[in-house]
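Asker: Chain by chain, the residues:
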Amino acid sequence: MLHIYCPYCEEFREEDEFHPVGEAHIERPLEPEALTDEQWSQYLFFRKNPRGLHHEMWVHGAGCRKFFNMTRHTVTYKILETYKMGQQPSVVAEESE
Amino acid sequence: MKQVNRLDDGGRINRQTPLNFTFNDKTYQGFEGDTLASALLANGVDVVGRSFKYSRPRGVITADAQEPNAIFQVGSNDASTIPNPRATQTELYANLVCSSTNGWPNVDFDLMGTVGKVGGSAMPPGFYYKTFMFPQSMWMSYEKMIRKGAGLGCSPLQPDPDSYDKLNHHCDVMVVGAGPAGLSAALAAARAGARVIIADEQNEMGGSLLCSTELIDGTAAAVWLVSTLTALAENDNVLLLPRSTAFGYYDQNYIGINERRSDHIGETNSHGTRQRLHKVRAKQVILATGAHERPLVFGNNDVPGCMLASAVTTYINRYAVVPGNRLALMTTNDNAYKAAIAWHDAGKSVVLIADTRPSADGFLVKEAMKRGIKVEFGHGIIDVKGSKRVKSVEVAPLSADGKSVSGQAVSYICDTVASSGGWSPVLHLSSHTGSKPIWRDDIQGFVPGNTEQAQHICGGIQGVYDLSQVLEDGIKCGLAAAGDAGKHVSSLEFLTPTVTKYTETPAMALFHIPHSKPTSRAPKQFVDYQNDVTAAGIELANREGFESIEHVKRYTALGFGTDQGKLGNINGMAITANSLGKTIPETGTTIFRPMYTPVTFGALSGSDVKQLFDPARFTAMHRWHVDNGAEFEDVGQWKRPWYYPKPGETMEQALARECLATRNSVGLLDASTLGKIDIQGKDAREFLNRVYTNPWSQLAVGKCRYGVMCKEDGMVFDDGVTACINDNRFQMTTTTGGAAGVLNWLELWHQTEWPELEVYFSTVTDHWSTMTISGPNSRKVLEKLTDADVSNEAFPYMGWIAAEVAGVKARIFRISFTGELSFEINVQANFGLHCWEAVVAAGQEFDITPYGTETMHILRAEKGFIIVGQDTDGSVTPQDLDMNWVVGKKKAFSYLGKRSWTREDNERTDRKQFVGLKPKDPKVVLPEGAQIVFDKDQPIPMTMVGHVTSSYYSACLGYSFALAVVKGGLERMGQSVFVPLADGSTIEAEICSSVFYDPKGDRQNV
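Chains A and B, in that order, give the protein sequences.
Position in the first sequence (first residue = 1) + 27 = the numbering used here.
Position in the second sequence (first residue = 1) + 41 = the numbering used here.
Extracted from the complex, chain A is given alone in its bound form (with noise of 0.2 Å):
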């Protein structure tokens, strides 16, 4: 059960509070209808699986209903930062990973 910091609210609150959405940074193409059926379906249906540093998106479903970013560790579950949405990561993975 994590214990996650609200970006938003400012404090941290339960898991019971929040929905994991999926990868985060995956931007919308601008103009979708000038892309080939394999580039929209890299942006459709391929997600990172990365065994360590993982960007995900989570929202706090049961709070103040915001998106927002998390970097998490996969295996040790350890919450590095969360961040608002439009902002960047301070910790990222290395390239070799």
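Fair warning: there could be bad hints in the mix.
[Said to hold, decoys possible] Below, simulated DSS-like cross-link-like pairs (lysine-lysine); rule was C-alpha separation at most 25 Å, straight line:
no., chain 1, residue 1, chain 2, residue 2
1, B, K977, B, K964
2, B, K744, B, K932
3, B, K426, B, K389
4, A, K93, B, K723
5, B, K320, A, K105
6, B, K565, B, K623
7, B, K752, A, K93
8, B, K825, B, K744
9, B, K324, A, K105
10, B, K415, B, K444
11, B, K752, A, K75
12, A, K105, B, K477
13, B, K723, B, K932
[Unchecked claim] Quick list of the computed label-pair ranges, beta carbon to beta carbon:
no., chain 1, residue 1, chain 2, residue 2, range
14, A, E65, B, M985, 27 to 35 Å
15, B, Q911, A, L62, 31 to 39 Å
16, B, V451, A, R78, 56 to 64 Å
17, A, G113, B, N785, 13 to 21 Å
18, B, D951, A, D64, 14 to 22 Å
19, A, Q69, B, D675, 37 to 45 Å
20, B, C195, A, E54, 54 to 62 Å
These are computed hints drawn from the structure, not numbers from a lab.
Since we're looking at a predicted model, the values are computed, not measured.
The C-beta atom is built at its ideal place from N, Cα and C for all residues, glycine as well.
Here the structure of chain A is known, so what remains is to put chain B in place on it, guided by the hints.
Answerer: Only chain B this time, still in chain A's reference frame:
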């Protein structure tokens, strides 16, 4: 019956309060303060159960959570019975009723026992796999027989009469275990200003101090214990939780604790909470869980009378029970000498101490010798004689490395065998969070490894066993934890209590006592008592190629019992390591997972049962529905009227009546449960353009439009009507079950992709009561209730007006889900019942008929209107639904889902498409969900080409009909398909348009 093994004085029991209890239909007496195990031992009960595989008689071995044998069914009836609590951890209460879980027909005469004796040597690991799997068809019969013979308790058959609850806590320091280490740590942390919770699984706090004879600060340990507990109890910063097992340690210092509040008082507690689940989020966690003693593995070490040395000490010192008359002790260490000393001091005879070490001269060794107890160094007990109780032991000299027998064995007459192979730290909780245990040669045990948690450990869990060191370790740990929790501790001074340090000879690393015969031919040497895993079985598994400890575990069932291998795992690993020629750390350890000991379902569910299990939602008109005989259907959390049977009416008759009344006169539906979202802001219209497939730019104020929402993959996920309230404000309607999901979906896109759009969403589902009047007479009913002009000219189809209805402000939408002329009246929720009753009264002259969700489904299906989630399943595009008309072709923005429709897969012509089906026999209703095939004569497995999504008998049409998805169905109009049923028969049906009733839509537009 006399308590034959009870001492006249001493112990922490209350002789003034005798308690009667029943075990296997016989009545015994114990005392307040007893556990079930200590009371049985006091009464001289040797056999408490039968083993799982060989059905051998078994007695109490331990005095703690490790107990593999004394596992009972406790409780007097089908409601109160509890399967498999450990008698060693079950407090005795008056009139307790219990029985052995294993043993059929009974523990003293056991049918399986004789089978076990005959078949015993022929039951190697994997026996069941190897023997009973063939022929496979017989497995079910074998299994029934095996289950009856074995069995591990029965579930209660009646509802639990007790109540349970849950509490959430936050604290600075959570201490698990209230032995000397945990108590010292808790007190130190509390004095440093930390908020502390300390939990302990036993009825009394104190851990090893409860049976210690050592002196602290010159007085008995029990005196220090009382003063420490008093200090803790008087400190406002401390919450003491006795009888509370910390069963799980979860991420980010989250601890689950099961507090047994009334289990020790009696069977059922009508006044309060039986058990309470504490959920603790701690800044710092201190694990002071101590250590468990390991038994030694030797021949026939399961004969009743064989016990852990520390258990013997505990029963004598804490419960004043000497569980026999003549003791033989085998040990690899000094500590176990305490058992022999306590036994001797209780006035019973110690036959022999077999010390596997070549020599030893520690304090306790000398104390034993001072008492004239015979000690044989370099010896081991290699075999035990006896069946239902130890009769004698065979003692033989061992080689210096302990791996072989080096001389002739000598017999000693005794009735109890205590053994100790050293101690294993109780690191279960630390490994719950993924921390890998580390082996330490100096203490011959695993200790907690690196962890991500804010975790501290002290005392026995890190191999610190000497009492003076334990107390010092606890204080240091408590201060460190308080400091890490942000308390300033530097100015505080703590004096470690003084305890005499005794000299100790190092322990010998020995787990498995050799026999003069090779292990495979020696008497059975049990490692895991619950699953009858023997040393020979493990070695055989190793020879058969199971080398990973995880594989050995699964093949032999080592550690698979309800004790989770607490007693036997380390010995099993040591035997595996030895037979593979590896070290224990190379062999590795298995991982412990929650729960540490079993937790009842009652505690986990707390008060979230029955009507509190899930919230139920009711509309404002619910009382009327109940009063008028409605049957209800659950839609999400909502209770919706399903249909309204009249007395004596079947469901079929009620539905026919409701359908015909609506088509021919007027019907009334409570539609309050539909999701409603208020959308405001200057960009609301643009936002709708992006999330709906159809265009919204031209929707005028006062108009409504049906819209379909798709996910980015192009698949339909919700639909509903949205009304333009004014240029900056829309009210969106969603499906009843989809409301929360749709709101979340809108927020997701707004917050993450289009934050520049000025738009706000708010759920208003509960703010409105909605009633739909539908049917040719609906306008006449409405006209009686409002002054507004509701004629077709003034108020055309797909419009909405604000008006007063029955004297209440209302929004009326002219939309239709039945295909009939319909008005949807929305009023403030608390006027819902008033308005509903006014509509019913006004409609009386037209015989207005309330209808429920089932009639609604039939009427909409006759019109071919989809229900998202019933006719679609997340793999259906608007094109598959033949709803191209709802897809905007000229919208500037590439709205959600659009790009995916031109993906190659979504343009296939053989996609499953939405069509109508008419069964050839107009009376036959196709089963919903049934598979569809083109060729009924093809061999099984048939090629399935679709399935029935909705299916009803239509009283209005006079025949049955269905909606379905069929591969390429839109090009197959008029063709026959077949629905094969489970009984082998087949129903033929014809593909037709999905619109069965009023295809031009004239009836809704009058």
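Asker: Which of the numbered hints are not met once you compare them with the structure shown?
Answerer: none
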